[in-house]
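A.B. asks: Chain residues, written in single-letter form:
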Amino acid sequence: DGGITQSPKYLFRKEGQNVTLSCEQNLNHDAMYWYRQDPGQGLRLIYYSQIVNDFQKGDIAEGYSVSREKKESFPLTVTSAQKNPTAFYLCASSPPSGLTYNEQFFGPGTRLTVL
Amino acid sequence: AQSVSQHNHHVILSEAASLELGCNYSYGGTVNLFWYVQYPGQHLQLLLKYFSGDPLVKGIKGFEAEFIKSKFSFNLRKPSVQWSDTAEYFCAVSGFGNEKLTFGTGTRLTIIP
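If you read the sequences in order, they're chains G and P.
Read in order, the letters of the first sequence are residues 1 to 115 in this note's numbering.
Read in order, the letters of the second sequence are residues 1 to 113 in this note's numbering.
If you're looking for bench data, these hints aren't it; they were derived computationally from the structure.
From a predicted model like this one, the values you see are computed outputs, not experimental measurements.
Warning: the hint list may mix true and false statements.
Using 25 Å as the maximum straight-line C-alpha spacing, the simulated DMTMM-like pairs for lysine to aspartate or glutamate come out as follows [unchecked claim]: (1) G:Lys70 / G:Asp59; (2) G:Lys57 / G:Asp38; (3) P:Lys100 / G:Glu62; (4) P:Lys100 / G:Asp38; (5) G:Lys83 / G:Glu72; (6) P:Lys100 / G:Glu24; (7) P:Lys100 / G:Asp54; (8) G:Lys9 / P:Glu88; (9) P:Lys49 / G:Glu62; (10) G:Lys70 / P:Glu88; (11) P:Lys58 / G:Glu62.
Only some residues are given here: those of chain G computed to face chain P with a beta carbon under 8 Å [to be verified]: (12) Glu24; (13) Asn26; (14) Leu43; (15) Ser49; (16) Ile60; (17) Gly63; (18) Gly107.
The beta carbon of each residue, even a glycine, is placed where N, CA and C say it ideally should be.
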């Protein structure tokens, strides 16, 4: 089955630790995205990548880092510099915009709790 | 910069009632518009989308939305809701040629049996 996988589903970390969230897709999509979802705030873009080895900051990139070494993978690291890391994190991907006009496909999400 | 407003934060309806969720966007050029739905415990999934052509678009599960360019709106409608429509609904916009989506804050819909 084609899709986006995120692991783990739930993640607990101590304050001050870096943590990396996994996102893998087998849809052969070029673009990948990371969002943060908080109650009452919708989805806010953290980072996105349109091609391998290239990525751009979104609206709330501070305290986060990413890499895009492979087309299929776009891991997100939540660093200790992120002041309020507890949230639900969603990964998405999309094919070239000429095909679907920017429709994005989402993974199941990872709920991160920092204790 | 593009932005999206969803003014209804939480809507509670009885089954068989009609639904309209508001969505207004701000963007100076041609837009692509989307409604996504997040059922409890499930992935965010596409409900419907507008790119061009007929401003009334139909999506899955009996939902439709109308793009009114003069009002910068893309409201979601359903004539008769069901208990299974209980979910959170997100409106999103992207500018033509821009791959970034901007989401609204979402509307939580609760349907009472």
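A.B. asks: Confirm or reject each hint.
C.D. replies: Against the structure, the hints come out as follows:
Restraint check: the Cα-Cα separation between lysine 70 of chain G and aspartate 59 of chain G comes to about 24 Å, which is no more than 25 Å; the hinted pair holds. The suggested pairing of lysine 57 of chain G with aspartate 38 of chain G holds, with an alpha-carbon distance near 19 Å, which does not exceed 25 Å. For the hint pairing lysine 100 of chain P with glutamate 62 of chain G, the CA-to-CA distance comes to about 18 Å; that is within 25 Å, so the pair holds. In summary, the hint linking lysine 100 of chain P to aspartate 38 of chain G is supported, as the alpha carbons are separated by about 19 Å, within the 25 Å threshold.
Restraint check for lysine 83 of chain G and glutamate 72 of chain G: not satisfied, since their Cα atoms lie roughly 29 Å apart, outside the 25 Å limit. Restraint check for lysine 100 of chain P and glutamate 24 of chain G: satisfied, since their Cα atoms lie roughly 19 Å apart, inside the 25 Å limit. Distance check on the hinted pair: lysine 100 of chain P and aspartate 54 of chain G sit about 15 Å apart at the alpha-carbon level, within 25 Å; holds. Our distance criterion of 25 Å between C-alpha atoms is met by lysine 9 of chain G and glutamate 88 of chain P, whose separation comes to about 20 Å.
Restraint check: the Cα-Cα separation between lysine 49 of chain P and glutamate 62 of chain G comes to about 31 Å, which exceeds 25 Å; the hinted pair is violated. The suggested pairing of lysine 70 of chain G with glutamate 88 of chain P is violated, with an alpha-carbon distance near 33 Å, which exceeds 25 Å. At most 25 Å may separate the alpha-carbon atoms for a hinted pair to count; lysine 58 of chain P and glutamate 62 of chain G exceed this at roughly 38 Å. For glutamate 24 of chain G, the interface hint is violated, the least distance from its beta-carbon to any beta-carbon of chain P being 15 Å, above 8 Å.
For asparagine 26 of chain G, the interface hint is violated, since its Cβ never comes within 8 Å of a Cβ in chain P; the closest pair sits about 15 Å apart. Taking 8 Å as the C-beta cut-off, the interface hint given for leucine 43 of chain G holds, the closest approach to chain P being about 4 Å. At its closest, the beta carbon of serine 49 of chain G sits 10 Å from a beta carbon of chain P; the interface hint therefore is violated under the 8 Å criterion. Violation of the interface hint for isoleucine 60 of chain G is found here, the shortest Cβ-Cβ separation to chain P being roughly 12 Å, above the 8 Å cut-off.
Taking 8 Å as the C-beta cut-off, the interface hint given for glycine 63 of chain G is violated, the closest approach to chain P being about 20 Å. The beta carbon of glycine 107 of chain G comes within 7 Å of a beta carbon in chain P, closer than 8 Å, and the hint placing it at the interface holds.
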